[in-house]
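Asks: Sequence:
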Amino acid sequence: MSISIEYLGHASIRIKVGTKNIYIDPSTKETGLTKDAFGQSDLTLVTHNHADHCDPDLIKKIRKPGTPILAPESCRKALSKAGPLWPLNPGELMQMGDGVVVRAVPAYNLKRTKPSGEPFHPKGVGSGYLLTISGKRIYHAGDTELVPEMQELGDLLRGVDVALLPCDGTFTMDVEEASKAAIMLNPKVVVSVHMRSADPMAFKQKVESKSSIRVVILQKGQEHTLE
1 MSISIEYLGH
11 ASIRIKVGTK
21 NIYIDPSTKE
31 TGLTKDAFGQ
41 SDLTLVTHNH
51 ADHCDPDLIK
61 KIRKPGTPIL
71 APESCRKALS
81 KAGPLWPLNP
91 GELMQMGDGV
101 VVRAVPAYNL
111 KRTKPSGEPF
121 HPKGVGSGYL
131 LTISGKRIYH
141 AGDTELVPEM
151 QELGDLLRGV
161 DVALLPCDGT
171 FTMDVEEASK
181 AAIMLNPKVV
191 VSVHMRSADP
201 MAFKQKVESK
211 SSIRVVILQK
221 GQEHTLE
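Using this note's numbering, you'd call the opening residue of the sequence shown number 1 and step up by one each time.
Don't take every hint at face value.
[As the list claims (entries may be wrong)] Here are the computed distance ranges between Cβ atoms for each label pair:
1) SER80 with GLY124: 16 to 26 Å
2) LYS123 with SER197: 21 to 31 Å
3) GLN219 with PRO115: 16 to 26 Å
4) PRO87 with LEU110: 23 to 33 Å
5) ASN186 with SER2: 19 to 29 Å
6) LYS111 with GLU152: 17 to 27 Å
7) SER80 with LYS188: 17 to 27 Å
[As the list claims (entries may be wrong)] With a straight-line cut-off of 25 Å between C-alpha atoms, the simulated DMTMM-like cross-links for lysine to aspartate or glutamate are:
8) LYS16 with GLU6
9) LYS123 with ASP36
10) LYS114 with ASP98
11) LYS29 with ASP57
12) LYS64 with ASP36
13) LYS206 with GLU6
14) LYS206 with GLU223
15) LYS123 with ASP174
16) LYS136 with GLU118
17) LYS114 with GLU177
18) LYS220 with GLU73
19) LYS210 with ASP199
20) LYS204 with GLU149
Bear in mind the hints are in silico, worked out from the structure with no lab data behind them.
For glycine and all other residues, C-beta sits at the position ideal for the given N, C-alpha and C.
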């Protein structure tokens with residue numbers, strides 16, 4: 001079964017598994033896409049409740065009848081009109097009926113805060129996701145910094161087939177931190193997301209000069225097919 005990852009812009013991803021679509025953080029905000037640009041969803045994952053990641057109107061539009069929406073409990077209110085929420089909080093795992101396994105992992109800020117001192121992404125509120133699909137592992141880190149759990153989870157995250165890491169530097173890791181995370185996790189392929197004004201070529205150079213990891217730069221609408 002073919003598996004490919006399409007970059008939709010910002011942190012929005014579509015994973016194509018045969019004829020099925022799995023979306024992570026589908027949103028019209030920050031991606032510049034209209035609702036009509038998104039196909040129907042067979043599984044939707046939301047990392048946290050910020051509007052550029054959690055777009056209830058879009059999620060409702062693309063959701064097929066019976067399609068699960070997996071998200072942290074903190075998204076329940078925002079997604080109340082999108083469809084039934086299957087809460088999945090950091091540390092929890094869910095096995096879907098089609099054999100896809102979804103594990104929520106911690107995603108949060110350590111040092112990036114609002115003027116009030118509150119983190120942009122407090123610990124325990126949002127998630128990253130590790131998906132296992134037909135033996136392939138895909139890690140979408142969510143909005144996060146280089147947090148201790150990335151190392152503590154050890155073999156669970158290390159050596160995944162594809163890691164999708166944010167590196168905008170304002171709300172998430174910057175390029176330097178994301179490159180350190182990539183080298184520590186040692187995926188077969190790493191893709192930078194949530195870039196804003198960050199330079200993907202700088203990320204590629206930092207990672208590939210210090211490891212054998214392949215860095216794939218995807219423009220909006222481009223795909224990477226897992227081997």
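Asks: If a hint holds in the structure, say so; if it does not, say that too.
Replies: Going down the list of hints, with the structure as the test:
no. : hint                           : verdict
1   : SER80 with GLY124: 16 to 26 Å  : 21 Å, holds
2   : LYS123 with SER197: 21 to 31 Å : 26 Å, holds
3   : GLN219 with PRO115: 16 to 26 Å : 34 Å, violated
4   : PRO87 with LEU110: 23 to 33 Å  : 25 Å, holds
5   : ASN186 with SER2: 19 to 29 Å   : 25 Å, holds
6   : LYS111 with GLU152: 17 to 27 Å : 18 Å, holds
7   : SER80 with LYS188: 17 to 27 Å  : 38 Å, violated
8   : LYS16 with GLU6                : 8 Å, holds
9   : LYS123 with ASP36              : 34 Å, violated
10  : LYS114 with ASP98              : 41 Å, violated
11  : LYS29 with ASP57               : 11 Å, holds
12  : LYS64 with ASP36               : 15 Å, holds
13  : LYS206 with GLU6               : 24 Å, holds
14  : LYS206 with GLU223             : 22 Å, holds
15  : LYS123 with ASP174             : 18 Å, holds
16  : LYS136 with GLU118             : 36 Å, violated
17  : LYS114 with GLU177             : 20 Å, holds
18  : LYS220 with GLU73              : 30 Å, violated
19  : LYS210 with ASP199             : 18 Å, holds
20  : LYS204 with GLU149             : 24 Å, holds
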